[in-house]
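Kindly produce the complete structure, drawing on both the sequences and the hints.
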Amino acid sequence: MRKAGWVWSVVGASALVAAGCATYPDPAATRGIAEKMVREDFTAPSPGLLKRLEQDKAQQLCSKIGGAALTQEGAAEVVKLSRASIQYPASGKLVGDWKVGNKLAHDGAGDRIQGGRLEKRKENGGLCQNCHALAPGEVNVGNVGPSLTGYGLQRGNSEAIAKLTYERIFNGWAFVPCSNMPRLGATRHLTPEQITHLVAFLIDPQSPINRKQ
Amino acid sequence: MPKTRGGLAAILLGFLAPWGALPLLAQSEDPLAVGRRMLAEDNPGELWIERGKALFHQKRGPRGASLEQCDFGMGPGKLEGAAAQLPRYFSDVDRVLDLESRLLHCMVELQGFKRDDVVRRAISRPASDGSDVEALALYITSRSNGMKVNVTLRHQKEYDTFKAGEYLFHRRAGQTDFACIQCHGEAAKRIRLQDLWNINDPKHIAEVASTWPAYRGAHFVVRTMQWRLYDCFWQMRLPELKYGSDTSIALATYLQVRGNGALIQVPGFKR
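First to last, the sequence lines map onto chains A and B.
Residues in the first sequence are numbered from 1 upward in steps of one, following the working numbering.
Residues in the second sequence are numbered from 1 upward in steps of one, following the working numbering.
No lab work stands behind these hints, which were simulated from the structure alone.
There may be inaccurate statements among the hints.
To be verified - Think about it this way: if two alpha-carbon atoms lie no more than 30 Å apart in a straight line, the pair counts; the simulated DSS-like pairs of lysine-lysine are: (1) K57/A x K120/A; (2) K103/A x K163/A; (3) K93/A x K64/A; (4) K157/B x K242/B; (5) K78/B x K59/B; (6) K64/A x K242/B; (7) K148/B x K114/B; (8) K36/A x K64/A; (9) K80/A x K163/A; (10) K51/A x K120/A; (11) K64/A x K157/B; (12) K99/A x K189/B; (13) K157/B x K57/A; (14) K122/A x K157/B; (15) K148/B x K57/A; (16) K189/B x K212/A; (17) K64/A x K103/A; (18) K242/B x K36/A; (19) K120/A x K242/B; (20) K157/B x K36/A; (21) K122/A x K99/A; (22) K36/A x K114/B; (23) K114/B x K59/B; (24) K99/A x K51/A; (25) K51/A x K242/B; (26) K212/A x K163/A; (27) K189/B x K103/A; (28) K59/B x K64/A; (29) K114/B x K78/B; (30) K51/A x K157/B; (31) K242/B x K57/A; (32) K189/B x K148/B; (33) K189/B x K64/A.
Small disclaimer: the values here were computed from a predicted structure and weren't measured.
Set out below in structure tokens:
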């Protein structure tokens with residue numbers, strides 16, 4: 001009995017040695033393994049589109065595993081990078097047409113890749129409806145982001161609010177680093193002009209989003 | 001245009017809503033939940049199981065072989081409980097494989113099918129008869145029905161794959177800045193009306209790990225985990241995920257390990 005136990009422990013130890021004591025790789029090794037996968041495992045109609053998989057510095061800083069906290073330095077860097085990314089429309093006018101903005105906010109299409117083809121449209125949808133409550137009583141809306149119902153009623157439509165709203169859509173990480181909100185202008189999903197229409201949709205008193213309930 | 005789309009959306013919604021989201025995720029106050037449950041009890045995906053079984057035993061491909069010699073980790077042709085322990089390391093290919101990539105391997109090596117041909121047909125068109133791979137994956141998984149998901153990490157490549165999957169689940173990229181975690185990390189979230197499962201909720205991750213392949217109401221076909229992952233990357237505006245790629249296997253490994261202990265019941269039933 002005793003001898004058998006000894007034999008088994010030798011067998012067990014040898015097995016562990018043979019297996020090289022398999023265990024979790026460290027974060028640097030994991031990163032190497034996973035990034036190699038990303039480089040090899042996707043296809044796109046053009047090499048330029050494959051570049052979508054490459055992370056910029058802010059995306060790297062914002063990819064925290066299992067709710068790991070963003071360091072203060074990391075957050076400061078994301079804010080700095082995000083502030084620097086913000087561009088304004090050539091016209092200088094930050095408030096566009098709320099009717100165009102309304103359509104954009106309810107448009108979730110554009111720029112997807114399927115069957116070796118890019119979903120090419122004149123312009124991308126704004127995606128807002130996917131995650132935000134919009135006009136009062138609108139049912140088919142998501143809740144990943146905060147409700148935008150009455151956005152302008154609560155904040156008014158001053159120049160300062162227009163600028164803040166524009167910047168938060170262009171790159172929300174300048175205000176809440178690493179939030180779930182896509183940096184719609186900074187990643188070029190939307191153009192500066194499209195964002196001005198969304199600003200109008202949010203703050204114009206005539207916009208359905210500001211209809212009194 | 002928006003009016004047309006709104007009208008169409010309303011019609012689609014009225015039509016599809018009763019088939020709804022994962023029954024477990026349905027919010028309790030949701031008046032449609034009862035209808036969803038009733039329809040799920042009469043799952044059309046059941047029809048795919050018999051077809052998968054026939055395909056498994058039939059001599060097919062350039063080599064005229066069945067899949068009875070395919071080893072899913074329990075020995076050649078042993079399907080009982082095989083899906084429950086996948087993904088796992090296979091020494092003959094020195095890789096970690098999930099159910100679908102192992103199936104693909106056998107269709108190529110045993111039956112002589114061309115890999116590209118199988119991959120091209122693996123994900124069927126909506127409202128079609130479905131693909132052989134979809135039927136086979138469902139049949140093989142159904143042989144683990146009632147068993148617990150039990151993916152163990154032993155080989156170094158299994159540890160590496162699990163950790164890579166965890167990393168990829170949190171890796172933000174592309175013009176939407178999304179990783180999986182942006183939509184699947186919080187409780188009671190929706191994209192439009194679609195409930196999102198939350199990886200931190202044991203009930204939700206259990207359902208993810210135990211209900212694929214599933215009949216997808218909106219597509220009228222059986223869908224697999226490989227399709228689910230592909231479709232998420234599509235919506236994230238990222239390039240196309242290769243069928244059976246290491247990235248897909250890593251994500252599947254991460255999800256299955258997190259869902260260990262869940263009782264397998266396929267076909268699942270999805271929106």
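Go through the numbered hints given earlier and state which of them the structure violates, listing their numbers in rising order. When the structure is compared with the hints, numbers 3, 7, 14, 15, 17, 24, 28 turn out to be violated.
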